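J.: Each protein sequence line maps, in turn, to chains F and U. Residue numbers for the first sequence follow the numbering used here, so the first one is 1 and each next one is one higher. Residue numbers for the second sequence follow the numbering used here, so the first one is 1001 and each next one is one higher.
Certain hints may be false.
[As the list claims (entries may be wrong)] In silico lysine-lysine, DSS-like type, Cα no more than 27 Å apart, as pairs: (1) F:Lys254 x U:Lys1120; (2) U:Lys1385 x U:Lys1120; (3) F:Lys540 x F:Lys482; (4) F:Lys254 x U:Lys1385; (5) U:Lys1120 x U:Lys1430; (6) U:Lys1194 x U:Lys1263; (7) U:Lys1311 x U:Lys1194; (8) U:Lys1385 x F:Lys211; (9) F:Lys254 x F:Lys211; (10) U:Lys1120 x F:Lys211; (11) F:Lys482 x U:Lys1194; (12) F:Lys211 x U:Lys1421; (13) U:Lys1120 x U:Lys1421; (14) U:Lys1311 x U:Lys1263.
[Stated by the list, open to error] Quick list of the computed label-pair ranges, beta carbon to beta carbon: (15) U:Glu1106 x F:Gly241: 52 to 60 Å; (16) F:Asn204 x U:Val1383: 13 to 21 Å; (17) F:Val493 x U:Pro1084: 50 to 58 Å; (18) U:Ala1409 x F:Val206: 27 to 35 Å.
[Claimed, not checked] Sample of chain U residues at the chain F side, in silico, Cβ under 7 Å: (19) Glu1125; (20) Thr1140; (21) His1201; (22) Arg1210; (23) Phe1221; (24) Glu1227; (25) Phe1233; (26) Ala1241.
Treat the hints as calculated values from the structure; they're not laboratory data. Keep in mind it's a predicted model, so treat the numbers as computed, not measured. Quick reminder that beta carbons are idealized off the backbone N, C-alpha and C, glycines included.
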Amino acid sequence: MTDQRFHRFQLPRQALPAVALVVLGLLVGAAARNPLAVRRRAQAASAVTDRSAGATLSTDATVAAIDRLLAENRRANGVEAAAAADNLTILRRLWLALGGTIPSLEEIRRFEADTAPGAVDRALATLLADRRSADALARRLASPLVGDEKGEFIVFRRDRFTTWLADQIAANRPWDQTVREMVSARGLWTDTPAVNFITQAAANGVIDADKLAGRVSRVFLGARLDCAQCHDHPFAAWKQGEFEGLAASFAQAKLSPVGVEDDPARVHRIDRTSVAALATAMTGAGRNVPPRVPFGAEWLGSGGTHRENLAAWVIHTDNRRFDRAIANRMWSLLFGTAWHEPVDDIPEPGPTSSPDDLLDLLADDFREHGRDLHRLIKVIAATEAFRFASTHPDLESAEGAARVKATWGAFPLTRLTPEQMIGAMAATTSLQTFQSHSHLLTRTIRFFRETDFLREYGQVVDSQGGSLPATIPQALVQMNGKFAREMVEANVVTATGRIAGMARDDVARLEVAFLVALTRRPTSEERESLLPLITLAETKGRGLEDVMWTLFNCPEFSWNH
Amino acid sequence: MPTRLRTSVGPRYEGIGSAPTGRRSVLLAAASLGLSFALPALPARAARRRGSERPRSLLVVWLAGGPSQLETFDPHPGHAAGGPTQDISTVIPDVRIAADYPRLAEVLDRFALVRSLVSKEGDHERGQYTVKTGYRPDPTAIHPALGAIAAHELPTTGLELPRFIALGGAEFPSRGGYLGNEFDPYRVFAPGQKGQNLVPHVPVDRQSRRLGALDSLTRSFETGRGEAVRRTFHEHTLREALTLMTSEQLAAFDLDGESESVKGLYGDSDFGRGCLVARRLIEAGVRSVEITLQGFDTHARNFAGHSSQAKLLDPALAALVGDLEDRDLLESTVVLVMGEFGRTPSINPLDGRDHWPHGFSCLLGGAGIATGQVIGSTDPEGVAKQPADPVEIPDLSATVLAALGIDFAREVATLVGRPMKLSAGTPLAKLLRAEA
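This is chain F alone, in the form it adopts within the complex (with noise of 0.2 Å):
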């Protein structure tokens, strides 16, 4: 409990981007003197080179019978298909859901020059390729993976944690091997990054194994199996003790001076200091749990620690839950909701595969592959849904809205996340793209910037993953807050300065700005409304300040759309 005492400590800021060289000083010669460390990298590296052939067998099919199926609910709805959204749009999804941003206008001129067919799936396999995208996909899931909350300093480490999944997001290592390690890896949190999974439910020196079997359920099942920690599933026919069975397995985790081991001796115990324990509290008594799974029991592994024997579990090929949950968590990433809300609740499989079950279709194909992301990924976003426009005609009354909604007929509106908002707002900003490799100085300024904007700014999702409107704080760290200012002010450095500067008259000045900050152009009516900002100002740069302003305070900019 003591560890307060470290994470509270804090420097001055201005004293931060000197301490952050430092830092990253000893990160480099720690890796330099790592020799294990690095291979396990060039190990990582060679995955994608032995995976690279089979990423190349085509999509077309699953994608075509998913666009049947949606036709076909479509049609039984009475609902018509929107109309193809036009690539610039598609680029911005792409970017939102994979890069964590807008394309910058250096992005948008490089689509833009590439006007072979294909352009799209080029720029999405160039997003794929870029660690960036690995970067935003790892902070997305580790959200679900080890929760928000900071955890106990000593033992968690999330920098780690996230920075090793996105490792093996970029070498596309099988989804599966990936999650066998975080199930059952043993070591230190520091050497071993994916014990942190295991880490992060500490609590006191004590590894907390209800936390864990939860999130196994839900993230790698599709099932809030920790409802069943109280009472028994509403509708899975899971019950309390199948939990506890599942939340046995983590119970010969433990920490110790060389990270977290497994302790044959350990048994999961339930008595009354237990939460699980409410209804045994009755009786007074405790007792031991034994390693339990709700279903499947013929696919635990054998021979190897309780954890090792659960991921065999987890991660079997008969186990559709598996490939369903992260179909439903990538097309949810895609397209801004899941496919089945809350998105780690989904019904249970049928009994065999059904063509009628979109998450089955994804799920086969994914499993069929080597459970490869990228190539769940490519898939979704070939889908004809994700590349529908956000309007369509039954948009204008609320019944119209709901069948649209249900069917998949247009692409939905969801809020932009904290962490895209802020992407955005930075890709607005400047005009060339924000490289993980910019100068240190710059990412320390904007890692302080993106604090303080966080800080201001709170959050927009509920604990369901659906969109919450706007609250007032946050329409005023739009309209009014320091980063927005600092955004749309005319200087050598902005977009907006060098918009203002550089353009070579007021309509090419509008369409600039319309591409940095919502990747189209204006159309007639927005030009002859917004063209007077910039012509009846005193300063081209004044009037671009009030173009960037407006566009970075309307809907579309913190709506996906």
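With the hints as your guide, set chain U onto chain F.
T.: Leaving out everything else, chain U in the frame of chain F:
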């Protein structure tokens, strides 16, 4: 598939009033906002209403980091657990508190003192969640803080200020949770000052041009997406933000009108000024105010640390209660003073105390509370882990909600339709006045 966006905005639409004038009308008209969101200043009648006539409010004084019960409200001088801390008598016969709180001792009878709170959460983040919401952290739901529940359940009429305001930079802010993020507190990071981001960066003529253009872009985005865009409430929220930016009620944040003697009573500190602002906000009709005093996490130099905290807390808290009483606002305000847990009876080698959720203290006063009593006691020797007459956190939350006149057991559907009780506890009858 369940609808995730709210289709009804509920209380946010209440209290629509007459025509705006001046700067406000320019801005609101610029954004084609018409008159619908221009509220009149809070009806003087509502603000003036006093005593039990007044709708209730919740005021939480949050002592962040885990205040030591032994150095505040439950000292044990001369015993193993007590350390060097001395005690003093208070207006409640036979009840003594730490000697660093002489002014609070004079008004302690305005509170009930609970010395036997128990929780299972010894981590700051989890502990504050538990104490503020009455529920332990649950990965499948975010529970609303008591302050958010109060803002959700209690009426606001003519209020342009946010219903729930948090003063001071709490490390783990209260959340609206499943009630919706419009019940997140409006946070003012520097207590004693006006909220941030309330002033436009440009003069009114440019601001008005910007808003005009914004309106045109919003219409453009609505084309072909009408209902979907309306459900974002983007424009609605913008109007409310503009209403707040131009509201006369913001004067509640401004201490210039307060006399030096009143300011002096609260103490010359940000926290003291924040407490004065808190009183003004309550007076203006804000339903829920939380003010945070940081700095109680004394793993080292516990005694010196707590003495300096007391220099801030003692005058401000005593002044706050006295001031509320003088203005006849205490009868309508529930005041809760506490942190996420207490500190260990043992003293560590750094002369500090560590986290201790097994018997810590809080003060509860104001509306509906049976004050002037002490509940529970801890072991002066620090041997027994369990205090006598333990009070569970869910029961405390139910008590606070009951004192506010809120149906604490009411079930509210979350955005996915899961029914959740506002509180899972049972109010402690002995803490509530018979008429409450």
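J.: Are the hints correct? Go through all of them and say.
T.: A quick look at each hint next to the structure:
1. F:Lys254 x U:Lys1120: holds, 20 Å
2. U:Lys1385 x U:Lys1120: Roughly 12 Å separates the two Cα atoms, so the pair holds.
3. F:Lys540 x F:Lys482: holds, 22 Å
4. F:Lys254 x U:Lys1385: With Cα atoms ~25 Å apart, Lys254 of chain F and Lys1385 of chain U stay inside 27 Å; holds.
5. U:Lys1120 x U:Lys1430: holds, 24 Å
6. U:Lys1194 x U:Lys1263: Distance ~16 Å between Lys1194 of chain U and Lys1263 of chain U Cα, so the pair holds.
7. U:Lys1311 x U:Lys1194: Satisfied, since the Cα-Cα distance of roughly 24 Å is no more than 27 Å.
8. U:Lys1385 x F:Lys211: Roughly 25 Å between the alpha carbons, so the hint for Lys1385 of chain U and Lys211 of chain F holds.
9. F:Lys254 x F:Lys211: Holds, at roughly 14 Å.
10. U:Lys1120 x F:Lys211: holds, 15 Å
11. F:Lys482 x U:Lys1194: holds, 16 Å
12. F:Lys211 x U:Lys1421: holds, 23 Å
13. U:Lys1120 x U:Lys1421: holds, 20 Å
14. U:Lys1311 x U:Lys1263: Cα-Cα ~15 Å, so holds.
15. U:Glu1106 x F:Gly241: 52 to 60 Å: holds, 57 Å
16. F:Asn204 x U:Val1383: 13 to 21 Å: Cβ of Asn204 of chain F to Cβ of Val1383 of chain U: about 20 Å, so the range 13 to 21 Å holds.
17. F:Val493 x U:Pro1084: 50 to 58 Å: The hinted range 50 to 58 Å holds for Val493 of chain F and Pro1084 of chain U, with Cβ atoms some 57 Å apart.
18. U:Ala1409 x F:Val206: 27 to 35 Å: Since the Cβ atoms of Ala1409 of chain U and Val206 of chain F sit about 33 Å apart, the hinted range of 27 to 35 Å holds.
19. Glu1125: With Cβ-Cβ at 5 Å, under 7 Å, it holds.
20. Thr1140: holds, 5 Å
21. His1201: His1201 of chain U check passes; min Cβ-Cβ to chain F is 5 Å, inside 7 Å.
22. Arg1210: holds, 5 Å
23. Phe1221: holds, 5 Å
24. Glu1227: Since the shortest Cβ distance to chain F is 4 Å, the answer is holds.
25. Phe1233: holds, 4 Å
26. Ala1241: OK, holds: Ala1241 of chain U within 7 Å of chain F, min 4 Å.
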